[in-house]
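The lines below spell out each chain.
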Amino acid sequence: AQSVTQPDIHITVSEGASLELRCNYSYGATPYLFWYVQSPGQGLQLLLKYFSGDTLVQGIKGFEAEFKRSQSSFNLRKPSVHWSDAAEYFCAVGPSSGGSYIPTFGRGTSLIVHP
Amino acid sequence: NAGVTQTPKFRVLKTGQSMTLLCAQDMNHEYMYWYRQDPGMGLRLIHYSVGEGTTAKGEVPDGYNVSRLKKQNFLLGLESAAPSQTSVYFCASSWGTDTQYFGPGTRLTVL
Numbered sequence: 001a002q003s004v005t006q007p008d009i010h011i012t013v014s015e016g017a018s019l020e021l022r023c024n025y026s027y028g029a030t031p032y033l034f035w036y037v038q039s040p041g042q043g044l045q046l047l048l049k050y051f052s053g054d055t056l057v058q059g060i061k062g063f064e065a066e067f068k069r070s071q072s073s074f075n076l077r078k079p080s081v082h083w084s085d086a087a088e089y090f091c092a093v094g095p096s097s098g099g100s101y102i103p104t105f106g107r108g109t110s111l112i113v114h115p
Numbered sequence: 001n002a003g004v005t006q007t008p009k010f011r012v013l014k015t016g017q018s019m020t021l022l023c024a025q026d027m028n029h030e031y032m033y034w035y036r037q038d039p040g041m042g043l044r045l046i047h048y049s050v051g052e053g054t055t056a057k058g059e060v061p062d063g064y065n066v067s068r069l070k071k072q073n074f075l076l077g078l079e080s081a082a083p084s085q086t087s088v089y090f091c092a093s094s095w096g097t098d099t100q101y102f103g104p105g106t107r108l109t110v111l
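Quick note, the sequences are listed as chains A and B, same order. Under my numbering, the first sequence has 84 at position 84, and the numbering climbs by one with no breaks. Under my numbering, the second sequence has 101 at position 101, and the numbering climbs by one with no breaks.
These are calculated hints, taken from the structure and not from any lab test. Computed from a prediction, not measured in an experiment: that's the story for all the values here. All the pointers check out, no bait thrown in.
Derived lysine to any residue pairs resembling SDA-like cross-links, with alpha carbons at most 20 angstroms apart:
(1) A:Lys61 / A:Ser80
(2) A:Lys49 / B:Gly42
(3) A:Lys61 / B:Tyr101
(4) B:Lys70 / B:Leu22
For each label pair, taking beta carbons as the anchor points, the in silico distance ranges come out as:
(5) A:Glu15 / B:Ser67: 44 to 50 angstroms
(6) B:Asn28 / A:Gly53: 23 to 29 angstroms
(7) A:Gln71 / B:Asp98: 20 to 26 angstroms
(8) A:Leu56 / B:Lys57: 35 to 41 angstroms
Cβ coordinates follow ideal geometry from the N, Cα and C atoms, glycine included.
Model the full structure from these sequences, guided by the hints.
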């Protein structure tokens, strides 16, 4: 069965510092990978996704993520964090074509931004 | 284009009461999902649907029922609410395996 691990429950960074949120997955085939962001009191919104092709994907709000098959990872990065980036971030493995329809989410990483 | 909407936004129930949460989407998506979100647990899938008239169990289906009579609507029912069902409930929809679009959530408290 597929699984997603986000090792960090909380991460604290200073505004302007760089950010990397870790995501590791377990999946039997080529995964579809997603990062979502959840601001307080709101639903989840897609930041970026990887299906195939270039392993470095760009998303909204200046985020990017790199798919590394050899490490089963899809880490999210941002070169300079803004206070408005404080939120909960979820990594997800999407169902592949012909496989299970059920996507799997990690437990989330809470990002705290210090001024 | 409203996307995914959820009704109601907040609800307080007493143990044993029943209620229905309504999810509506206007994107003509085939797939719809119901999740619950609890602190430290991430999102857990309750039930999902891959098309009108179809439903399937997710990770935590016990105590919930669902119906998808119309493509745009996905209803989540609690027949006899329990305090353990206190949670924030999210509905989502998608085109198959692609991006999920989430509603704003329903905060449910069961006393």
